[in-house]
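J.: Turn these sequences into a full structure, and let the hints guide you.
Protein chains: 2
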Amino acid sequence: MKKHNFSAGPSILNQKVFKESSNAVLELDDIGLSLLEISHRSPEFVAIMNEARELSLKLSGLSSDEYTTLFLQGGASMQFLMIAYNFLKTRGGYINSGTWSTKAIKEAKLFGDVSEYASSKDKNFNYIPKDYSISDNPDYLHITTNNTIFGTQYHKLPDCNCPLFADMSSDIFCRKQDYSKFSLIYAGAQKNLGPAGTTMVIIKESLMNKICREVPSMLNYKVHFEKDSMFNTPPVFAIYTCLLSMRWLKNNGGLAEIEKKNISKSSLLYDEIDNNEMFTGFASKDDRSIMNVTFNLIDEKYKSAFDVLLKEQNISGINGHRSVGGYRASIYNAMEIESIEVLVDTMKKFKKSI
Amino acid sequence: MKKHNFSAGPSILNQKVFKESSNAVLELDDIGLSLLEISHRSPEFVAIMNEARELSLKLSGLSSDEYTTLFLQGGASMQFLMIAYNFLKTRGGYINSGTWSTKAIKEAKLFGDVSEYASSKDKNFNYIPKDYSISDNPDYLHITTNNTIFGTQYHKLPDCNCPLFADMSSDIFCRKQDYSKFSLIYAGAQKNLGPAGTTMVIIKESLMNKICREVPSMLNYKVHFEKDSMFNTPPVFAIYTCLLSMRWLKNNGGLAEIEKKNISKSSLLYDEIDNNEMFTGFASKDDRSIMNVTFNLIDEKYKSAFDVLLKEQNISGINGHRSVGGYRASIYNAMEIESIEVLVDTMKKFKKSI
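One line per chain: the protein sequences are A and B, in this order. FYI, the numbering for the first sequence is 74 to 427, going by this note's numbering. FYI, the numbering for the second sequence is 74 to 427, going by this note's numbering.
It is possible that part of the hints are untrue.
Any copy will do: because identical chains look the same in the list, a pair fits if it lies in one copy or spans two.
[Said to hold, decoys possible] Derived DSS-like pairs: lysine-lysine, alpha-carbon spacing no greater than 27 Å straight-line:
#1 300 <-> 182
#2 182 <-> 162
#3 283 <-> 179
#4 300 <-> 179
#5 300 <-> 194
#6 300 <-> 176
These are computed hints drawn from the structure, not numbers from a lab. Here the structure is a predicted model, which is why all the values come from computation and not from measurement.
T.: Okay, here's the thing in structure tokens:
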């Protein structure tokens with residue numbers, strides 16, 4: 074019986090991606106060697122790296138004359154400090170929309186002044202802050218476009234006159250948008266891209282001239298850029314699997330098609346939440362995420378009964394984060410609508426049973 | 074026809090490890106989910122992480138009361154800067170035995186004074202420096218126990234009164250030794266441990282109190298230690314594959330047995346180099362590595378002829394690094410003696426053919 078894995082990350086990938094990446098561990102294409110044992114300087118891996126970097130820009134609709142892609146290590150958490158280390162000269166600007174924004178702000182403070190222009194902490198981050206002004210000329214404005222824990226997502230970008238940086242770990246490539254509004258985008262792979270172990274960074278090449286202090290090599294964007302994202306041995310398997318996911322995305326209509334699919338999936342689930350009197354949505358309606366759907370029972374006393382039904386249907390990874398409680402259905406790109414239908418049916422069945 | 078892969082890293086792993094790790098990408102044990110899609114907080118992955126950390130200490134003969142193991146990201150290059158960021162208070166002490174030591178020294182200089190007590194640069198790093206004194210009370214002494222590019226290896230450790238730190242990326246777990254002489258050991262996985270994408274750090278817990286400045290979270294050993302090596306999402310696949318390699322090592326007699334095997338393998342090859350008049354060894358005899366065997370042709374004019382024979386035998390990854398030229402046979406733990414025999418036979422055949 075198929076498992077329906079709603080994990081927030083590491084999370085589901087397309088079954089074809091699992092198969093191809095599993096095969097490559099045995100033998101990459103027909104070269105007689107495992108993907109894991111070839112040099113990262115081999116023509117085979119250099120081709121993988123180049124294709125992954127190019128395809129990321131193609132999917133985003135960005136020009137390779139203006140942007141470059143790096144596959145680094147350390148997750149979004151490493152980007153929190155790298156951004157400030159490289160680019161916080163006078164003041165880093167931040168919007169605080171959740172746990173990960175809060176962590177990004179904490180790391181930035183080690184490198185200089187930080188202006189937090191707005192926060193949704195007053196309502197346990199159930200909305201995206203709006204109506205704020207950016208008055209003190211920050212070196213950059215940093216936002217978290219999708220808040221995995223709280224299930225909120227930016228549907229309109231802030232206006233700012235400075236470079237816009239975004240943590241897109243949990244919503245990269247989930248929809249069409251004008252990626253050229255961003256100067257730097259980063260995403261830990263383990264949601265929409267691939268396995269844990271690499272972080273995709275799409276960055277404007279012109280930013281390389283804005284690095285404002287002496288930065289150790291491994292933390293320096295320019296060092297990685299000048300070495301074509303191979304300053305040292307890259308995480309070969311993780312990058313290859315990201316490439317497989319991006320190929321899958323491209324072959325299925327790119328961001329336009331995946332956006333339609335993601336809206337269908339999330340609408341189906343939000344409709345049930347809004348129409349089923351046993352549940353309430355957590356996130357403010359205007360700011361609902363199409364990737365992470367957070368909802369609570371109207372009364373916690375029903376939890377064990379609902380959990381039994383979920384288990385019967387082989388639904389896993391759906392418990393909410395401790396700071397929100399309830400449930401969180403992470404419905405990333407690779408999730409098929411059939412799994413959402415099973416969840417929605419379970420919710421309906423649960424209502425009837427009460 | 075079997076390929077004989079002498080790559081310096083990423084490099085060969087045991088075939089059983091490839092098979093098991095490939096299977097886990099399809100389905101981990103019998104849980105109905107891929108290793109890549111389960112939460113790092115799931116009981117399954119927590120058990121993997123715990124076993125990997127414990128087994129690393131068991132193999133080293135170190136007590137878990139005194140030492141802890143972390144699986145971090147960023148390779149040895151990230152450790153170069155983390156070591157200095159955390160522990161270089163007054164002066165970092167370094168022995169320069171090659172390219173990677175040189176890089177470690179470069180990164181350390183960003184954080185304070187560095188004393189380079191000895192270097193073998195005068196002879197293109199073909200030996201391990203000896204006979205030096207450590208006079209100025211460094212915060213630590215850093216060595217590179219095996220120099221992948223030059224094929225040299227420490228067979229006697231330096232005497233010092235300060236904590237001894239070692240980059241063991243290319244010789245971790247290749248031999249029995251008294252690991253308790255070290256306060257910090259690190260190794261990029263992609264030679265003796267697993268795929269590229271994680272770095273094993275074995276560190277004395279008492280060092281956590283010696284962190285000498287405010288260090289960003291992701292670069293702070295204490296942060297990772299306090300979170301049981303799961304401060305943020307770890308590189309799940311790479312760590313699991315390291316565990317498989319360590320299990321394989323343990324099930325085959327641990328470090329005592331692998332040392333015997335590695336000595337047999339390297340002796341066979343060094344004997345041929347010393348007895349075959351077409352070749353000369355690169356590294357000083359006393360300091361020869363049992364992991365990376367570097368040798369040159371007596372005359373470069375023979376290169377294309379020898380390369381043809383190597384290719385016929387399906388020998389790959391054996392070209393020397395550009396700074397040494399000639400050949401480098403990397404014969405890590407997972408390499409079987411049969412591959413060395415094929416290489417030695419090819420060298421004999423080559424001599425006859427001239």
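J.: Does each hint hold? Answer for all of them.
T.: Structure-based check of all given hints:
For the homomeric pair residue 300 and residue 182, the shortest alpha-carbon distance between copies (22 Å) is at most 27 Å, but the shortest distance inside one copy (29 Å) is not. For a Cα distance limit of 27 Å, the shortest separation of residue 182 from residue 162 qualifies both inside one copy, at 12 Å, and across copies, at 22 Å. In this assembly of identical chains, the alpha carbons of residue 283 and residue 179 lie at most 27 Å apart whether taken from the same copy (22 Å) or from different copies (22 Å). When the C-alpha separation of residue 300 and residue 179 is checked against a cutoff of 27 Å, the pair qualifies only between copies, where the shortest distance is 18 Å, while the shortest distance within a copy is 30 Å.
Proximity of residue 300 and residue 194 under a CA criterion of 27 Å is satisfied inter-copy only: 25 Å between copies versus 40 Å inside one chain copy. For a Cα distance limit of 27 Å, the shortest separation of residue 300 from residue 176 across copies, 15 Å, qualifies, whereas the shortest one inside one copy, 29 Å, does not.
Of the numbered hints listed earlier, not one is contradicted by the structure.
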